[in-house]
Amino acid sequence: MAAELTSIKLNPESHIILDQPLLRLPNDLARRNFKSVQRSVEREKEYVIPALKEAANASLSNTQTPDQTLAALDAMLSRMQGLKRKMQSLQEEEKRIQNQSRKRIQHLEALHKIPSLADVKYDQWSRVRLDRLLVDHMLRSGYSESAKQLAQERDIEDLVDLGVFTQCQRIVECLRQGETKEALQWCGENKAALKKSQVWKTTTLKEIGPGILIGLVQHNLEFELRLQQYIELVRSRDQTKKIEAIAHAKRYLITNQETQNKEIMRAAGMLVITPDTRAEPYKTLFSTDRWKYLSDLFIKTHHELLSLPSQPLLHIALSAGLSALKTPLCHSAYASSSSNSASTATSVCPICSTELNDLARKMPYAHHSKSYVEGDSIVLPNGRVYSKSRLLDISRQVGSVEDGKVKDPTTGEVFLESDMKKVYIL
Amino acid sequence: MDLVQKEHDRLLKRLKASHGLKNVESTIDLLQSARDTIAADPNQAAVTLAKLQNPVKSSFDSINDSLKETHGGLNKYTKSLDKLFKDRPLPSTEHDALSNQEHLINRAIAMHLLREGQFSVAATFLSEIADQKSTIQQESISRPSEKPSSLLDIDEVPSTEIRKQFASMYYILHELKEKRNLLPAIEWSREHREALAARGSNLEFELCRLQYVWLYHNKSLEPTNSPGNWEAAIEYARREFSSFGPRYLAEIQKLSGAMAFIANLRGSPYAATFNNPTAWDEVSQSFTREFCSLLGLSADSPLYIAATAGVIALPTLLKLQTIMKAKRTEWTTENELPVEIPLPPSYLFHSIFVCPVSKEQATDENPPMMMPCGHVIAEESLKRLSKGGRFKCPYCPNESHFKDARKIFL
Numbered sequence: 001m002a003a004e005l006t007s008i009k010l011n012p013e014s015h016i017i018l019d020q021p022l023l024r025l026p027n028d029l030a031r032r033n034f035k036s037v038q039r040s041v042e043r044e045k046e047y048v049i050p051a052l053k054e055a056a057n058a059s060l061s062n063t064q065t066p067d068q069t070l071a072a073l074d075a076m077l078s079r080m081q082g083l084k085r086k087m088q089s090l091q092e093e094e095k096r097i098q099n100q101s102r103k104r105i106q107h108l109e110a111l112h113k114i115p116s117l118a119d120v121k122y123d124q125w126s127r128v129r130l131d132r133l134l135v136d137h138m139l140r141s142g143y144s145e146s147a148k149q150l151a152q153e154r155d156i157e158d159l160v161d162l163g164v165f166t167q168c169q170r171i172v173e174c175l176r177q178g179e180t181k182e183a184l185q186w187c188g189e190n191k192a193a194l195k196k197s198q199v200w201k202t203t204t205l206k207e208i209g210p211g212i213l214i215g216l217v218q219h220n221l222e223f224e225l226r227l228q229q230y231i232e233l234v235r236s237r238d239q240t241k242k243i244e245a246i247a248h249a250k251r252y253l254i255t256n257q258e259t260q261n262k263e264i265m266r267a268a269g270m271l272v273i274t275p276d277t278r279a280e281p282y283k284t285l286f287s288t289d290r291w292k293y294l295s296d297l298f299i300k301t302h303h304e305l306l307s308l309p310s311q312p313l314l315h316i317a318l319s320a321g322l323s324a325l326k327t328p329l330c331h332s333a334y335a336s337s338s339s340n341s342a343s344t345a346t347s348v349c350p351i352c353s354t355e356l357n358d359l360a361r362k363m364p365y366a367h368h369s370k371s372y373v374e375g376d377s378i379v380l381p382n383g384r385v386y387s388k389s390r391l392l393d394i395s396r397q398v399g400s401v402e403d404g405k406v407k408d409p410t411t412g413e414v415f416l417e418s419d420m421k422k423v424y425i426l
Numbered sequence: 001m002d003l004v005q006k007e008h009d010r011l012l013k014r015l016k017a018s019h020g021l022k023n024v025e026s027t028i029d030l031l032q033s034a035r036d037t038i039a040a041d042p043n044q045a046a047v048t049l050a051k052l053q054n055p056v057k058s059s060f061d062s063i064n065d066s067l068k069e070t071h072g073g074l075n076k077y078t079k080s081l082d083k084l085f086k087d088r089p090l091p092s093t094e095h096d097a098l099s100n101q102e103h104l105i106n107r108a109i110a111m112h113l114l115r116e117g118q119f120s121v122a123a124t125f126l127s128e129i130a131d132q133k134s135t136i137q138q139e140s141i142s143r144p145s146e147k148p149s150s151l152l153d154i155d156e157v158p159s160t161e162i163r164k165q166f167a168s169m170y171y172i173l174h175e176l177k178e179k180r181n182l183l184p185a186i187e188w189s190r191e192h193r194e195a196l197a198a199r200g201s202n203l204e205f206e207l208c209r210l211q212y213v214w215l216y217h218n219k220s221l222e223p224t225n226s227p228g229n230w231e232a233a234i235e236y237a238r239r240e241f242s243s244f245g246p247r248y249l250a251e252i253q254k255l256s257g258a259m260a261f262i263a264n265l266r267g268s269p270y271a272a273t274f275n276n277p278t279a280w281d282e283v284s285q286s287f288t289r290e291f292c293s294l295l296g297l298s299a300d301s302p303l304y305i306a307a308t309a310g311v312i313a314l315p316t317l318l319k320l321q322t323i324m325k326a327k328r329t330e331w332t333t334e335n336e337l338p339v340e341i342p343l344p345p346s347y348l349f350h351s352i353f354v355c356p357v358s359k360e361q362a363t364d365e366n367p368p369m370m371m372p373c374g375h376v377i378a379e380e381s382l383k384r385l386s387k388g389g390r391f392k393c394p395y396c397p398n399e400s401h402f403k404d405a406r407k408i409f410l
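In the order they appear, the protein sequences are chains A and B.
Quick note on numbering: UniProt numbering labels position 108 of the first sequence as 108, and the sequence is numbered without any gaps.
Quick note on numbering: UniProt numbering labels position 312 of the second sequence as 312, and the sequence is numbered without any gaps.
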């Protein structure tokens with residue numbers, strides 16, 4: 001029926017729920033890296049082999065001067081040199097990623113050698129994990145410098161993803177400042193992967209119905225960025241810019257007509273509306289808040305693509321932990337006899353400690369099916385419950401208490417030893 | 001996990017053995033030597049180029065072969081990861097109760113960094129928070145419709161006072177652990193003598209005792225060659241111990257008694273006190289605890305304990321989430337988790353009272369009440385049983401009146 005009250009059992013396999021991105025992310029990066037090797041090899045192959053054939057045919061039929069043949073060979077050579085350079089740098093990257101993966105696997109493996117949660121090695125391991133979670137949180141919140149410094153000081157740079165998040169953050173900064181270039185470049189680099197996730201979305205959507213389809217594919221980052229460029233052109237109210245805007249729309253927006261028709265219609269409508277309009281949806285479209293929306297959308301798309309969870313891992317750990325530790329006493333109006341800062345006999349509960357107290361206020365408290373008190377509990381005339389032996393110890397330690405008396409460590413009141421009354425807590 | 005490790009090792013081996021780059025190089029060599037031949041003798045062009053076709057093609061083929069090999073390795077490793085995490089998805093992120101409490105989390109992190117002695121990281125962190133806040137504020141000033149007041153709250157970040165406190169704590173700990181210098185700690189404990197005494201702390205005496213033992217073992221600050229620096233120890237005892245008075249008399253007597261055994265301490269009854277290898281760790285731990293307690297803080301970082309408890313709790317909570325989803329049930333007790341989460345005993349801080357009648361945990365609204373017989377039930381159960389009058393205790397033959405029950409504090 002009732003589960004055990006306490007347990008120090010460590011199950012390493014189920015303990016690594018939060019560590020999924022730790023291994024997944026480098027693997028995703030390695031796969032992407034491999035794809036770009038594959039693509040460049042394919043590209044050069046498609047160039048060199050036909051070119052070589054052509055050159056051979058040309059020189060067989062004598063339609064080509066020797067200089068032309070040499071020039072053709074030089075072109076091939078320089079492309080191959082380019083491929084070599086590219087492969088070299090990608091191979092370096094691959095090596096770096098795989099080394100990182102190896103270190104991460106070793107870090108998780110270490111958990112298997114720890115016998116229990118009470119072991120001092122677990123404490124060390126868990127501290128490293130907290131540092132990882134902190135770095136993750138800092139990176140996601142845009143505190144890159146702090147993250148870098150913490151990772152360096154704790155020597156966990158291989159266990160955190162500074163590079164990925166810093167790049168993401170840089171693009172976000174650009175978007176917040178009203179600059180789409182970097183984000184569009186990112187879209188270009190990840191075109192294939194983005195398309196894949198897009199295609200997947202539309203196929204599942206079509207099953208639901210064409211009506212919902214439009215509502216959900218709004219997530220198309222590239223379209224939204226292009227739309228923003230268009231909006232900026234329209235905003236200026238300058239006639240030449242307007243013409244430019246129309247050209248821009250033809251080139252980048254109309255191509256998405258199938259899925260984004262509604263937005264395109266609205267965009268067209270903007271041509272005859274002034275930016276200070278109060279009419280929706282144009283007001284929203286002209287609003288500078290759209291930049292915030294774009295940066296959020298970018299983060300969402302970026303994290304989805306790299307299978308990173310959308311919320312910081314620290315939040316997941318904390319919201320579970322705060323509840324698991326919280327008791328009704330943590331936010332009680334009365335000082336707790338069993339854990340308070342007024343006496344050395346007790347240690348301050350982490351939820352009661354000022355750092356977390358406000359944070360835990362709205363959390364549910366832990367469920368307990370059994371009371372948990374020390375065996376020799378007594379109650380003092382003021383209603384406070386203590387372990388008898390500990391109360392006697394404390395009173396002896398505090399020099400000012402006379403023999404035969406005890407001092408309540410929480411309230412400071414002094415009572416006769418004979419005032420202690422046995423209490424039965426079942 | 002073993003499988004993941006194995007597949008990754010295999011992948012590494014494959015990558016090492018991969019000669020894609022070598023094939024590219026050999027293709028370059030082929031092209032280069034053909035070019036050289038043709039440059040030297042243009043008449044050979046047709047033959048050379050014709051001969052070049054197949055080798056170039058085959059070296060591209062072998063590049064592709066080695067790529068295929070790598071691809072296979074990557075796939076196998078990915079599969080092993082899928083398998084490892086198959087039954088362990090990250091918890092659903094539908095409601096992130098903490099996301100709108102960012103400032104509180106940041107405050108907790110800053111405090112954690114200070115506590116751990118990461119002062120420079122903490123400083124960077126706080127200044128980055130301030131930077132971000134000021135840009136947000138600037139933006140909202142340019143748009144006067146929004147109120148910036150909620151964004152800039154001075155209480156959000158730890159005050160300079162706290163920072164100073166932790167800096168001094170780390171200075172004292174550093175002196176104590178690295179240099180075996182107890183004097184700053186002793187000085188601190190003297191300054192806070194009254195507060196420490198009220199807590200029933202022996203810190204000052206423990207520190208002085210260790211200082212005495214340290215002197216006794218001939219480790220004075222000025223290196224001396226005299227065998228046994230017990231004179232310094234005696235002098236120290238005379239000067240300092242008198243102020244401790246009767247409370248520690250027995251201890252002081254023990255410490256002085258050891259003087260007689262200076263030649264043969266190991267065989268003396270005082271060996272345990274004088275050769276305690278963990279004494280320094282114990283003292284620094286109790287110093288940290290007292291220091292933090294006087295600031296109203298727990299000795300171990302709450303953030304660390306909460307995050308660790310969270311990871312321990314996650315498997316259970318995830319299981320619950322899956323079951324609730326499968327059965328389409330909702331969580332009925334909003335204030336309380338629906339399952340019990342076993343944590344290591346050191347993670348239990350408060351006593352817990354669960355009413356044996358209603359099986360509910362006591363709260364401020366429903367406190368534990370003790371009947372004259374000493375049995376305790378929750379107030380609501382008491383009201384229900386007694387109906388405001390006389391009733392029999394559910395656990396013993398004793399009868400009592402509703403009015404006789406008393407509220408207790410755990």
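Please keep in mind that the hints were generated in silico from the structure rather than gathered at the bench.
Here the structure is a predicted model, which is why all the values come from computation and not from measurement.
Watch out, some of these pointers could steer you wrong.
Simulated pairs of lysine-lysine, BS3-like, Cα-Cα distance not exceeding 30 Å [said to hold, decoys possible]:
#, chain 1, residue 1, chain 2, residue 2
1, A, Lys-86, B, Lys-22
2, B, Lys-16, A, Lys-103
3, B, Lys-51, A, Lys-45
4, B, Lys-327, A, Lys-84
5, B, Lys-254, A, Lys-121
6, B, Lys-16, A, Lys-86
7, A, Lys-45, B, Lys-359
8, B, Lys-327, A, Lys-370
9, A, Lys-113, B, Lys-133
10, A, Lys-195, B, Lys-68
11, B, Lys-359, A, Lys-422
12, A, Lys-84, B, Lys-51
13, B, Lys-179, A, Lys-84
14, B, Lys-13, A, Lys-86
15, A, Lys-300, B, Lys-359
16, B, Lys-22, A, Lys-103
17, A, Lys-103, B, Lys-179
Which numbered conditions among the earlier hints are violated in the structure presented, ordered from lowest to highest?
-> Per hint list: 4, 5, 7, 9, 13, 15, 17 violated.
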